[in-house]
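254 is the number of the first residue of the sequence shown in the working numbering; add one for each residue after it.
These aren't lab readings, by the way, just hints derived from the structure by calculation.
Heads up, a few of these hints could be off.
Simulated pairs of lysine-lysine, DSS-like, Cα-Cα distance not exceeding 25 Å [unchecked claim]:
#1 K377 to K434
#2 K377 to K477
#3 K525 to K514
#4 K477 to K319
#5 K525 to K620
#6 K520 to K377
#7 K477 to K691
#8 K477 to K620
#9 K319 to K258
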Amino acid sequence: MLHFKAIGKIMGALLFLLGSLMLPAAAISWIYGEDSSPILISAAISLLIGLILFFSFSKQDQLIRKREGYLIVALSWILMTGFGMIPFIISEEVTTTADALFETVSGLTTTGATILTDIEAMPKGLLFWRSMTHWIGGLGIIVLTVAIFPLLGIGGIELFVAESPGPTSDKVHPRISETAKRLWYIYVGLTVICTLLFWAGGMTFFDAINHSFATMATGGFSTKNSSLAFYDSAYIEYVAVIFMFLAGTNFTLLYFGAVGKFNRIFKNDEFKTYSIGLLVISILIAVPIYMHSDIGVELAFRKSLFQVVSVVTTTGFITDDYTQYGSGVTFVFFMLLFLGGCAGSTSGGIKFIRHTVFLKNSWLEFKRIVHPRAIVPLIINGERVTGRIINNIMNFLLIYLMTFVVGSLIISMLGYDLATSLGAVATCLDNAGPAIGKVGPVDNFAFFSSEAKVVLSFIMLLGRLELFTILILFTPFFWRAN
């Protein structure tokens, strides 16, 4: 039987934390002389309901098992979306509920797809909250909450397992709360450094902190209509590339780097595939860019590197329209939507570790066919990968493909052309932002119907929580389990 009272207390803590995180956005509105009441009212609603839930169940047994963990994570993202969209609705800056839903889900899942047609006309308080949803969803509000749950008498390991994306078992500390704290220290520290570097490059402090939120969360929301292309700055683009790359790296490896254990980084198979893959793809894409435009080698490489890192890490910042370099380049960028960054990063997507396991296992299968009696283990990071993990990854890839196909079919049946349907579903499932068709790098999602926006919002949630966390709730045995 599910422990619903324990779930209620945790939902209260999460809503209280969400409401607290709205207050800086209200302060931004006040600083710029805007009406801060929409955000303040939204914060008050979240804080009040959070407190009521928390203290209503404060004396309940806080045993959290794996089932409760999955349900809490799924419900928390639904609640964060519902309460996170209130500022957009009260301010009337977003005209429909479907638009507010899409924009909020896109922010929290760090997708970065937007329905806004004139971003620069939006109030700065709302823009800050919009960027804050990225930052909250980046490493995961659940991971942050796990760090403080011991103070509330709540265990958090099942929440950490259910919310943390990617098949990785690396830990920086035996206690899960300490692991969560240290990962958040890195997240906050890199955000501060990124902000200062953007500011030093000519951005206003407001723009710098908004873009650093989007960069470290691999989200892509910008305060400018033309994204980072607005600044036309090599310095800003290279800073963004570095921090997008770091944000797409397993944060456990970043911790090992921070404490000087660099050998743990360079021996990691996923990191080697991730870093070498980004460099090789960027060089290959730079060739057609150089051939199709009258620019120098450095600029061609920078355009390629920026767009490749942005798409692969699922950040979604844009400085160039990659669809103008021919169908071949466009197709390559579409395929890049299915890569994703490293497991344990803020990136979305399938993740490099799954691709690595799949490709290595497929290659070894040829050897097993030739030598059927031989024991041919799959080795990743010097350790043997169990059959259960391989089976889990194969199942994930199959369900991911099925979700992409079914989602594309639904969107196309709602009246959209094939390229747009494929691009929209791929980028929402990958939590990337730009795609192909009418949702290319210089387009937005405003033209979709309300029904399509709801479907795409659900697909973004599926992608952010890596399918199983949401889909398991639709299985009868989840609810019948003891």
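Hint by hint, here is what the structure shows:
At roughly 30 Å between alpha-carbon atoms, K377 and K434 are farther apart than 25 Å, so this suggested pair is violated. About 12 Å separates the Cα atoms of K377 and K477, which keeps this hinted pair within 25 Å; it holds. Annotation: proposed proximity of K525 to K514 holds, straight-line Cα distance about 16 Å (limit 25 Å). With a C-alpha separation of about 42 Å, the suggested pair K477 and K319 falls outside the 25 Å cut-off, and the hint is violated.
Taking the CA atoms of K525 and K620, the gap is about 24 Å. The hint holds against a cut of 25 Å. At most 25 Å may separate the alpha-carbon atoms for a hinted pair to count; K520 and K377 exceed this at roughly 44 Å. Between the alpha carbons of K477 and K691 the distance comes to roughly 20 Å, so the proposed pair stays at or under 25 Å and holds. Pair hint K477 plus K620 does not hold up; C-alpha atoms about 53 Å apart against a cutoff of 25 Å.
Of the pairs offered as hints, the one joining K319 and K258 holds, with about 16 Å between alpha carbons and a cut-off of 25 Å not exceeded.
Checked against the numbered hints listed earlier, the structure breaks hints 1, 4, 6, 8; every other hint is satisfied.
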